[in-house]
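Asks: Full structure from sequences and hints, please.
Number of protein chains: 2
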Amino acid sequence: MEKKLNYNEIPDIEVLFELADLFKVFGDSTRLRIMVTISENEMSVLNIAETLNMEQSTISHQLRVLRQNKLVRVRREGKQIYYSLDDDHVKKIIEMGLDHILE
Amino acid sequence: MEKKLNYNEIPDIEVLFELADLFKVFGDSTRLRIMVTISENEMSVLNIAETLNMEQSTISHQLRVLRQNKLVRVRREGKQIYYSLDDDHVKKIIEMGLDHILE
DNA sequence: TGTTCATATGATTATATGTTCATATGTTAT
DNA sequence: ATAACATATGAACATATAATCATATGAACA
Numbered sequence: 001m002e003k004k005l006n007y008n009e010i011p012d013i014e015v016l017f018e019l020a021d022l023f024k025v026f027g028d029s030t031r032l033r034i035m036v037t038i039s040e041n042e043m044s045v046l047n048i049a050e051t052l053n054m055e056q057s058t059i060s061h062q063l064r065v066l067r068q069n070k071l072v073r074v075r076r077e078g079k080q081i082y083y084s085l086d087d088d089h090v091k092k093i094i095e096m097g098l099d100h101i102l103e
Numbered sequence: 001m002e003k004k005l006n007y008n009e010i011p012d013i014e015v016l017f018e019l020a021d022l023f024k025v026f027g028d029s030t031r032l033r034i035m036v037t038i039s040e041n042e043m044s045v046l047n048i049a050e051t052l053n054m055e056q057s058t059i060s061h062q063l064r065v066l067r068q069n070k071l072v073r074v075r076r077e078g079k080q081i082y083y084s085l086d087d088d089h090v091k092k093i094i095e096m097g098l099d100h101i102l103e
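So the sequence lines, in the order shown, correspond to chains L and A. Sequential numbering from 1 applies to the first sequence in the numbering used here. Sequential numbering from 1 applies to the second sequence in the numbering used here.
One or more of the hints may lead you astray.
Chain L side only, calculated, beta carbon under 7 Å to chain A, not exhaustive [claimed, not checked]:
hint, residue
1, Ile10
2, Leu16
3, Phe17
4, Leu22
5, Asp28
6, Val36
7, Ser60
8, Leu63
9, Gln80
10, Lys92
11, Ile93
12, Gly97
13, His100
14, Glu103
Keep in mind that the hints were calculated from the coordinates and are not lab data. Built from N, CA and C at the ideal position, the CB exists for glycine as well.
Replies: In structure tokens form, the structure reads like this:
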């Protein structure tokens, strides 16, 4: 019996391109830090920027990427917009990566 | 009781940089295709190149990246060098990503 | 309506990254 | 030793991407 991946067929090349795009999103430390930061509680853009000590604009640009990839949830309340992690998938992917790094 | 990540403390910023680097490796379609290709059986460099219809040099460069990140195993047999996926972690990370993409 | 505050966006620049071509290294066999 | 083959590597180029600055959009409230 061979070791097998859970995917029984080799994924389509298009799927693999999509998959690469997804991992690209995780492959930037600013975005990762944002994701980890909002994983416990939702936060406003400015709050995230302050927490990470980065420009509001930088955070906003990266939140856009996260939004486009459906990795975050958005909620408006008055002038503020609150971001939180979208689902547990996102968390699991980060945890998986941590597992690999930490041996 | 709050939703919590498995990590109890927010990971160090350095760890997150490392983590980003790891995901960067997964964030390239050529490398992903290589990983999927050698996930079932080990393959020689030329074999991988032929399978993916890409230059030997390209494959070799990317295998180097995979090697450096300990994502592949290497075995020499005569003139050929055979590559295979390193461990199940690698597979799981790919599967996680697929899960997210495929809803 | 006009002002203030929070967020988003466009353009620009600097940097990082993937591929290609040419060539080097290393192995096997004659 | 030399030829033939498999793999690795260096340099150069093209492209992608993140951060910054300046500005626009949109909400709240006087």
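Asks: Which earlier hints turn out false for this structure, listed by number in ascending order?
Replies: 7, 8, 9, 14
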